[in-house]
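With chain E fixed as given, assemble chain Z onto it according to the hints.
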Amino acid sequence: MSDREQYTPGPASGAQIQKDGEKWTLILVRELRHSPERVWQALTDPAHLREWAPFEADGSLGAVGTMVKLTTVGAPTPQVSETTVTRADAPKVLVYNWGAQDIRWELEALAGGTRLTLWHNIDRRFISMGAAGWHICFDVLDHLLSGTPLGRMVGGEAVKFGGWQRLNAEYATQFGIKAPNWPPQAAQES
Amino acid sequence: MKIKVTSIYVDDQDKALRFYTEVLGFAKKADFSQGPFRWLTVASPEELDGTELQLALNDNPAAKAYQQAMFQQGRPGAMFYTDDVKGDYERIKARGAEFTMPPTGVTASTIAMVNDTCGNLIQLIQLASYSR
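Quick note, the sequences are listed as chains E and Z, same order. The first sequence lines up with residues 0 to 189 when you count with numbering that gives the first Met the number 0. The second sequence lines up with residues 0 to 131 when you count with numbering that gives the first Met the number 0.
Next up, chain E with everything else stripped away, as it sits in the complex (with noise of 0.2 Å):
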């Protein structure tokens, strides 16, 4: 069996919501056996981002001011949205846009690796969603970086699996909310 048939991501953790009124931020921390300098690459370079990232970029995103396109991996069209890094101190924080949402990394060196802090202020219905999809994201970046890839997992390929589904429902009880609707089962509410 190769690696990504046996991989079973661990619990839901490291997960926080920051809420200010209605607009919630996912705040996900994650240690990684990597240097900030190795990470930041990851985060960054085009190559390494289609490896793991929910999206692809047509550039760098290691520079401030530089206007790159993201493309989301897995919509069903092309959702491509323009972004503009705001912030990168390499290898230290690195802030950008993705659509209408805000994303913010920190890295910090620990000894022999890096702790590293996503903040991502995802629509609140969907944020059990978003960190469940980021986890598994981390899982393969960790892999990427060991020189063990699992091969990326996003979109609808992650949801049909079931430790996303796991995951989903885990953070949905971490953070109060109820796990949304998917896969799809008729609801009748609205």
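FYI, nobody ran anything at the bench for these hints, they're computed from the structure. These numbers come from a predicted model, not from an experiment. The beta-carbon is built from N, C-alpha and C at its ideal position, and this holds for glycine as well. A hint or two may mislead.
With a Cα cut of at most 27 Å, we get these calculated DSSO-like pairs of lysine-lysine [unchecked claim]:
1) Z:LYS92 / E:LYS177
2) E:LYS159 / Z:LYS1
3) Z:LYS27 / E:LYS159
4) E:LYS159 / Z:LYS3
5) Z:LYS27 / Z:LYS92
6) Z:LYS14 / Z:LYS27
7) Z:LYS3 / Z:LYS14
8) E:LYS22 / Z:LYS27
Derived coverage of chain E by chain Z (criterion: at least 3 residues anywhere in the stretch with Cβ under 8 Å from a Cβ of chain Z; other residues may be distant) [as the list claims (entries may be wrong)]:
9) 22–32
10) 70–78
11) 97–104
12) 118–129
Quick look at chain Z alone, frame taken from chain E:
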């Protein structure tokens, strides 16, 4: 191969979901988001596993121009069959919707046209062969 989903562009997905569920009476089926993308569909409560209608955000300038031209020409963006167009007309009108055409007899059917408030006209059709 099956025709399982069809799409309509809308200018606001939340507003569209309210109109298609609370005013027209469909049921929300799928609602999934990834980054800026949101996959949102509704289905008829009479046929929950039937064809889904995707309420797709119209952030495409070409699609917007097409949608506006269709609307100005009075052409429907989607057509739904009903077995009681007059009843649906009264029910939907009572919920505040604006009809641009009340139930009107045409060849082999009765049709009505309603503004979905999201950039489209929707045609309701009752075929004569469905009449009670």
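**Study point:** Per-stretch coverage check for the region 22–32 of chain E, three Cβ contacts closer than 8 Å to chain Z
**Key:** Coverage by chain Z is violated here, the residue count being 0 at a Cβ distance below 8 Å.
Exercise for review: For the pair supplied as a hint, LYS3 of chain Z and LYS14 of chain Z, confirm whether the alpha-carbon distance does not exceed 27 Å.
Suggested key: Holds, at about 23 Å.
Review point. Mind checking, does the region 118–129 of chain E have 3 or more residues with a CB under 8 Å from chain Z?
Key: holds (count 6)
Check your understanding: Keeping to a limit of 27 Å between CA atoms, is the pair of LYS14 of chain Z and LYS27 of chain Z held or broken?
Key -> holds, 13 Å
**Study point:** Restraint status (C-alpha distance of LYS159 of chain E to LYS3 of chain Z at most 27 Å)
**Key:** holds, 18 Å
Review point. Between LYS92 of chain Z and LYS177 of chain E, is the straight-line Cα distance small enough, at 27 Å or below?
Key: violated, 33 Å
Check your understanding: Taking only the CA atoms, is the gap from LYS27 of chain Z to LYS92 of chain Z under or equal to 27 Å?
Key -> holds, 21 Å
Check your understanding: Does LYS159 of chain E pair with LYS1 of chain Z here, judged by a C-alpha cut-off of 27 Å?
Key -> Roughly 20 Å separates the two Cα atoms, so the pair holds.
Review point. Are there at least three residues in the region 97–104 of chain E whose beta carbon sits under 8 Å from a beta carbon of chain Z?
Key: The restraint on the region 97–104 of chain E holds, since 4 of its residues have a Cβ under 8 Å from chain Z and three suffice.
Exercise for review: Go check the region 70–78 of chain E versus chain Z for me, would you? Three or more residues, Cβ under 8 Å, otherwise it fails.
Suggested key: As far as the region 70–78 of chain E goes, the hint holds, because 6 residues have Cβ atoms under 8 Å from chain Z.
Review point. Is it true that the CA of LYS27 of chain Z sits at most 27 Å from the CA of LYS159 of chain E?
Key: holds, 20 Å
**Study point:** Restraint status (C-alpha distance of LYS22 of chain E to LYS27 of chain Z at most 27 Å)
**Key:** holds, 23 Å
In this structure, the earlier hints numbered 1 and 9 are contradicted, and the remaining ones agree with it.
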